[in-house]
Amino acid sequence: MSNGLGRRKFLLYGSAAFGTSLLLKSCSTPPETGTDTGNGDGATGGENGDTIKVGILHSLSGTMAISETTVVEAEKLAIKEINEAGGVLGKQIEAVVEDGASDWPTFAEKAAKLIVRDQVAVVFGCWTSASRKAVKDVFESKDHMLWYPVQYEGQECSKNIFYTGAAPNQQIEPAVQWLLDNKGTDFFLVGSDYVFPRTANTVIKEQLKAEGGNTVGEDYLPLGSTEVTPIITKIQQALPDGGIIFNTLNGDSNVAFFKQMQGAGLTPDKYPVMSVSIAEEEVRQIGKEFLIGHYASWNYFQTVETPENEKWVQAFKAEYGEDRVTNDPMEAAYIMVYLWKQAVEQAGTTDLEAVRQAAIGQEFQAPEGLVTVNPNHHLSKTVRIGQVRDDGLFDIVWSTDEPVAPQAWNQYVPATKGYACDWSDPSKGERFKVEDV
Amino acid sequence: MLELAVGIFNGFSIGSVLLLAALGLAIVFGLMGVINLAHGELMMLGAYATFVVQNIFQGFGDGALNLYIFVALPVAFIVSAIAGLILERGVIRFLYGRPLETLLATWGISLILRQFVRSVNGVLVLGIVLFCLLFFGGLWFLSKRTDWERIRTAAISALLPLSLAISAVAGVLVSKTGVEVLTKPWFSARNVDVTPPAWLRGGFSVGIYQLPYSRIFIIVLTVLCLLGIYWFLNRSIWGLRIRAVTQNREMSACLGIPTDTVDALTFAIGSGLAGIAGCAITLLGSVGPNTGQNYIVDVFMVVVVGGVGNLFGTVIAALAIGIVTYLIGSGTLALMFSNSDALQPLTDFFTFFAATSMAKVMVFALIIAFLQVKPSGIFPQKGRTAEL
Amino acid sequence: MNAEVGNFAKRQQQKKQQIIELAIAIGLALVFAIVMPALLSAFRLKLLGRFVALSIVALGLDLIWGYTGLLSLGHGIFFALGGYALAMHLKLQLPEGQIPEFFTLYGVTELPWFWTPFYSFPLTIVAIFVIPAIVAGLLGYLVFRNRIKGVYFSILTQAALLVFFNFFNGQQKLINGTNGLKTDTETIFGVLVGSEGAQLAFYEISLLGLLLVYFLCRWLTTGRFGRLLVAIRDDETRVRFTGYDPTGYKVLVFAISGAIAGVAGALYTVQTGIITPSAMEVAFSIEMVIWVAVGGRATLIGAIIGTLLVRLGQTFLSEQFPEVWLFFQGALFLLVVTVLPNGIFGWARDWGIPKLRSLLGLQEQLITYPALEQDPEIQQEREELER
Amino acid sequence: MSEQTTEKILEIDNLTVSFDGFKALNDLNFSMNVGELRVVIGPNGAGKTTFLDVITGKVKPTEGKVYFQGQNLRPYNEHQIARMGIGRKFQTPRVYLNLTVRENLDLASNRQKGVFRTLLGKPTKSDRRTVNGLLETIGLTAKAELQAALLSHGEKQRLEIGMLVAQSPDLLLVDEPVAGLTDEETENVGNLLLALAQSHSIVVIEHDMEFVRQIARTVSVLHQGSLLCEGNMDEVQNDPRVIEVYLGEQEEEAA
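Chains as they are written, first to last, in my numbering: chain Y, 189 to 625; chain A, 177 to 564; chain D, 620 to 1006; chain C, 454 to 708.
Derived by calculation from the structure, the hints in this document are not laboratory data.
Some hints here could point you the wrong way.
Stated by the list, open to error - Quick list of the computed label-pair ranges, beta carbon to beta carbon:
| no. | chain 1 | residue 1 | chain 2 | residue 2 | range |
| --- | --- | --- | --- | --- | --- |
| 1 | D | Tyr-738 | A | Ile-184 | 48 to 54 Å |
| 2 | Y | Lys-458 | A | Val-357 | 41 to 47 Å |
| 3 | D | Leu-742 | C | Glu-589 | 38 to 44 Å |
| 4 | A | Ile-184 | D | Glu-720 | 35 to 41 Å |
| 5 | C | Met-662 | A | Asp-436 | 36 to 42 Å |
| 6 | D | Pro-714 | A | Ala-181 | 58 to 64 Å |
| 7 | Y | Glu-590 | D | Pro-714 | 42 to 48 Å |
| 8 | A | Gly-383 | D | Trp-732 | 41 to 47 Å |
| 9 | D | Pro-714 | Y | Ala-503 | 50 to 56 Å |
| 10 | Y | Asp-238 | A | Val-296 | 37 to 43 Å |
| 11 | D | Phe-947 | A | Val-357 | 26 to 32 Å |
| 12 | A | Gly-383 | Y | Gly-509 | 58 to 64 Å |
As the structure is a computational prediction, the values presented were derived from the model and not from experiment.
A virtual CB, placed ideally from N, CA and C, is assigned to each residue, including glycine.
Using the sequences and the accompanying hints, generate a full structural model.
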């Protein structure tokens, strides 16, 4: 076989090539006929007869599926409620769900598909920063719209993205400040080895420097790693008499960290841990026995006492089961569908530019309290600190009196100090220097 | 001095987890030259078995709950051993002598097992049971016929799609009825919460340090497993047979040792040990579909460094890797050099690698360096049979 | 019968066959290059372009696994290195004195030293295959010189992969960590990388790359060098006692394979618009192996067909059934290994085509036992009789 | 020719090889002249194969030295030793099963064994002539284009010997060349070896005493890693120590 190419081979080559082209073609033709109305960028789109198509783009498979499926549920619940209440502009919302498969290029690919082929009016999606960064270009080059529901490290302000989770100044900075005021000044920073923890810790270190705290050490665990003995030793060496641990670990590592902390005798009274990635769902998976007495900072806890929250928790449990819990990213995902709906109704169209303009200034009585879309495409949100209690939910020990305005560009990081973002004013845009700082 | 003692303890405890996880893999590798990429998933099955046992014990009140781990260990062993047995009989035995293909096949199995725990529910289990009944029942029925040998291929190729289709249709129909008991995933894709018994959650205080009971438990468990395996291999009749087949498969077969049974048994025991390891790691870490993947590459390194066919090598390799990981990761190496200015570059170097994630890079580099000196592991096989 | 004459005739025939093969390959490539862009939407074409890029890495993998018997589970390293090399160059398309934006977020003000060579386009092109080749060569040398082979080699490559993944993932300040480097909004020769024109160009370049790599592999695997690779796979000890040093051959072929993966990675990156450490995930690198296995290892065309088929299937199935996609993939691994050890191409060659022929009545009827039909001595006798 | 016969092609001094304390070879001394055909016999476990392993560099001696044409072989590894002119045939035939007979021979006869020379070089006319000649010698001309996997056991043995010759070594090491062959094939191989002995020095390791009688001139007997005795066939057969080793029950034999 190693030499030459007979007739047989030719047949094979030919048929394989032919088959491939047929397959590819058959995949591509049907959805394109009819919808291809000349606007390759899909600037309006989404409206089709009696329905408005929206995209949902999260990981349904792979490592991130565990977290992301919960926000998909919240988004679907909101869509269902809206549809039952009559829909948007009198039309039903039709969700096109795509799987990002925990793989960032796939996210970009699926985003392009939603925009170009499905012609959706808006996309709700992403969890990790990496996936958001991967699709950001797609949304920008197609001038489309993404709503993003998760707390993140900030330092971004895209015209085409609305961020409904917390910016660092709505979660991390208040938490650090609260710890400095109530718990002490010596901090050990623990995180998974990727962008969010590293950026968050940069912010925290700057903040501690400015506010009179000390960073006594920091360490990063590879994603998925469950051997935390070396880190615990470092904590013991750096903080022999106790101190604060600021935790930005992610996923499986959290479980290992808290289980092994307890075994090593690092108890919450001496070593309180402040986490920013642990919500009600995670408490259940880690096991509340290990977390009782530790802290978390969020905008929303299931235990928030508002009528909207009561109603939402009830609706969620009715839909997905009594044993389920709600948490911050789910809440952010839930409210962003409503915020988008309000914007569309105010604009009276799904035209992207009009919706974008209308979105700014939208207010909504969310389960967490009043939220407002700011000109920098982030939300004003109330900040809360919760302590894990015996039933695995959070005791809210502190909260801000009123919603905190978001800062897209961090004011503790030298490179972005004094910058802000404003999409309501064309002359300012993504990043401009604030005069009076 | 105290630091040193605690450091050694910590190194040993990291090593013992590795060792426990690697033990089964090493035995299987030694006997059959097969690397099982699904080993981590067998550990995961053990961890899920522990979860189930824990939930059952929750019904019996707190007193019983404290003891669940002692039931979970044998259950985990049995569950994983059975899974391993099915694996060996169903796939791996067709691939002996083709180690690279085995690698790929076991990866396929690992993917399937991961998805299995995510989506397993009543319907899926019903479907599988139905399929097995139809397929194997059909084969059994047909094999009574006198012309079985002749129709064998045809029968299999007819039965397989037929029973697949029937069970698939049945599954779809059942799930259409929407009975929640059947359609609700048992575990879902989320991590599940396994909480060690209360008496394993504390620790033994030594100065400012506290040695976790869970770690001590795992070290003891590892030692017990080692002794058990040692006893089994060296004192029991099947152990003798396993050793015989490891040494010379053809000769053993000629002497009437049922090599097929030996293979299956060894694989089952290796898998069972993975189950025990899975149970043990629930004390330390998370239990989820990806649990196995978190450990597997480290465990492979232990086997590579330990060498084939000598458990003592595996023990030393696991402990050595554990201690080195600890020394680098905890920054102890960096501290050791920090006293003298002349060694400043060295200190910087070790500080850079002291981040736990970078410690992995360093450990790998050391393993590669070690293999330059001892390419076949700590205890290489010698003599004529070593390399053919 | 004169062996020399027979040989000569045979070589003539081989030469003729090679020319035919060349013509078919180029013809097919032309078909893909001209017809496909006309038939497919930009979106599907981009997808196809990516598949083409991936089939390049499959060729490289086939070279070392199919022919030389070394199963690398770490080709993601080389793939990603190639991708990063090109992405770094694209990131540096900036006005004088500026550094890529992401650096400023981490407070880095000076370009890390190793970025500097990537200002130059020619250097980048060289780096795309030289860097992966050097890394592969070095790793290969350290492993092969100690005669580590078989599953040991596979496991070590996998561990190396994990190490590289962790390293790239953790180094925000050097290489933007998890977020990776995006290329879509950068320009190359003044054209936006993400634009349709550039993407079409990348598709064509990928095809050209596939064609060139195919002929490179073809050249490597025929002739003495290729036969020696097969010999190493079949019996390395024998090769050594014949006076060859297998280490050198293995290092070279592993380095070439790495370089091919680097080229594929670069082409894939510009068509995906991003390169992140997830290209070095364990699963992705094993997946590459299955492309080769599905197509049929030790057949170059099989590697290409396998990649196209599996990726097509994946795109289709994972869209339809995202929850059970892993089941499919796992089953695929099992099936290929147990039922189709020679892959689709091998199966077609050994079984399918002859069967088809006999169904169509094209197969010559056997006169004697099949084994005898294939015995040259019998054939020779028969020829002599006929004469 | 006659002058050269006095020259030693292989000399082994006080060679000891131990595996974890077990001495496979124990203080062995051995030498042979250029052009000699030497048969080495010995019971199982006598160290015959280890003896070949040491000469070809597969196993490094624990103590003692091996000289080939006056050169100490210790610093060289297998392929270098092979290039110096020692060829080895294994106990079971080892040929490249997925290559054709001709390709097998071509690889062995290639003079340029460097990586790049192999890659860039082309088989020369004389290479092809050599291969054709060899095909005729081993009687496989008709099967030249057949995959080696399709050959019978005896044909594989012949092919491997052919490959050995193709390397044109000065010293041939042949390990049990007639194991598992029919009588007719055994005789063929014997004749082949005798023909080769015209122009090569050969060491043959063998069990089959019939065959040994057919080809042997000088016989060395190994026992428990040492040289028991040496001489022509009759001398060896009548040596009481040899009889004891082969027939005596009192000696315990390692497996």
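Results for each hint:
Take Tyr-738(D) and Ile-184(A): their Cβ atoms lie about 51 Å apart, and the range 48 to 54 Å holds. For Lys-458(Y) and Val-357(A), the Cβ-Cβ distance of about 46 Å falls inside the hinted range of 41 to 47 Å, so the restraint holds. For Leu-742(D) and Glu-589(C), the Cβ-Cβ distance of about 56 Å falls outside the hinted range of 38 to 44 Å, so the restraint is violated. Here the CB-CB span from Ile-184(A) to Glu-720(D) is close to 48 Å, at odds with the stated 35 to 41 Å.
For the hinted restraint 36 to 42 Å between Met-662(C) and Asp-436(A), the CB-CB distance of approximately 38 Å keeps it satisfied. Our hint of 58 to 64 Å for Pro-714(D) and Ala-181(A) holds, since their Cβ atoms are close to 59 Å apart. A hinted range of 42 to 48 Å for the beta carbons of Glu-590(Y) and Pro-714(D) is consistent with their spacing of about 43 Å. Take Gly-383(A) and Trp-732(D): their Cβ atoms lie about 45 Å apart, and the range 41 to 47 Å holds.
A hinted range of 50 to 56 Å for the beta carbons of Pro-714(D) and Ala-503(Y) is consistent with their spacing of about 53 Å. As the Cβ distance of Asp-238(Y) to Val-296(A) is approximately 39 Å, the hint placing it in 37 to 43 Å holds. Checked against the hint of 26 to 32 Å, the pair Phe-947(D) and Val-357(A) passes, with Cβ atoms roughly 27 Å apart. In this structure the hint that Gly-383(A) and Gly-509(Y) lie 58 to 64 Å apart at CB is violated, the actual value being about 48 Å.
Hint check: violations occur at hints 3, 4, 12; the rest are consistent with the structure.
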